[in-house]
Amino acid sequence: MLDDGSLPQGCNAAWLRRLFEAKTARRGGVLRRAVRDVEREVGRDAFVAAVRARGFHLIECGGQFVIICNPGHMRVVC
1 MLDDGSLPQG CNAAWLRRLF EAKTARRGGV LRRAVRDVER EVGRDAFVAA VRARGFHLIE
61 CGGQFVIICN PGHMRVVC
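No gaps in the numbering here: position 27 of the sequence shown is 27 in the numbering used here, and each next residue is one more.
What the hints contain is simulated information worked out from the structure, not anything from laboratory work. Misleading hints may appear alongside valid ones.
Said to hold, decoys possible - Restraint-style ranges between C-beta atoms, simulated for each label pair: (1) P71 x D45: 27 to 33 Å; (2) R18 x V76: 25 to 31 Å; (3) V76 x R40: 25 to 31 Å.
Unchecked claim - Straight line, CA to CA, 25 Å or less: simulated SDA-like cross-link-like pairs of lysine to any residue: (4) K23 x C78; (5) K23 x C61; (6) K23 x V66.
We treat Cβ as the ideally placed atom computed from N, Cα and C, and that holds for glycine.
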């Protein structure tokens, strides 16, 4: 898992930490954030790395990032 020391300079580590400490994330739920907000707060690369480090799944669609906070197998049905 990424720690604050491995994040790029200018990355809002507190924002990222709050995102993954949310009850929904801890319970394996689904989070949604606007791409523009992610890019402004932490940057796309740091965000993708943080999701990947947790073993979660990330989808980008319609200007939104959808984070599936469950490391289990994922299958897109349609």
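Verify the proposed pairing of K23 with V66, using a straight-line Cα cut of 25 Å.
Within the cut-off at roughly 16 Å; holds.
Given the range 25 to 31 Å, decide if the beta-carbon distance of V76 to R40 lies inside it.
Once the Cβ atoms are compared, 28 Å apart, the range 25 to 31 Å for R40 and V76 holds.
Regarding the pair K23 and C78, is the alpha-carbon distance no greater than 25 Å?
Violated: K23 and C78 sit about 28 Å apart, past 25 Å.
Please test the hint of 25 to 31 Å on the beta carbon pair from R18 and V76.
Holds, since R18 and V76 (Cβ atoms, about 28 Å apart) stay within the stated range.
Between P71 and D45, does the C-beta distance stay in 27 to 33 Å?
Once the Cβ atoms are compared, 21 Å apart, the range 27 to 33 Å for D45 and P71 is violated.
Run the distance test for K23 versus C61: straight-line Cα separation, threshold 25 Å.
Holds. K23 to C61 sits at ~23 Å (cutoff 25 Å).
Consistency note: the structure conflicts with the earlier hints numbered 1, 4.
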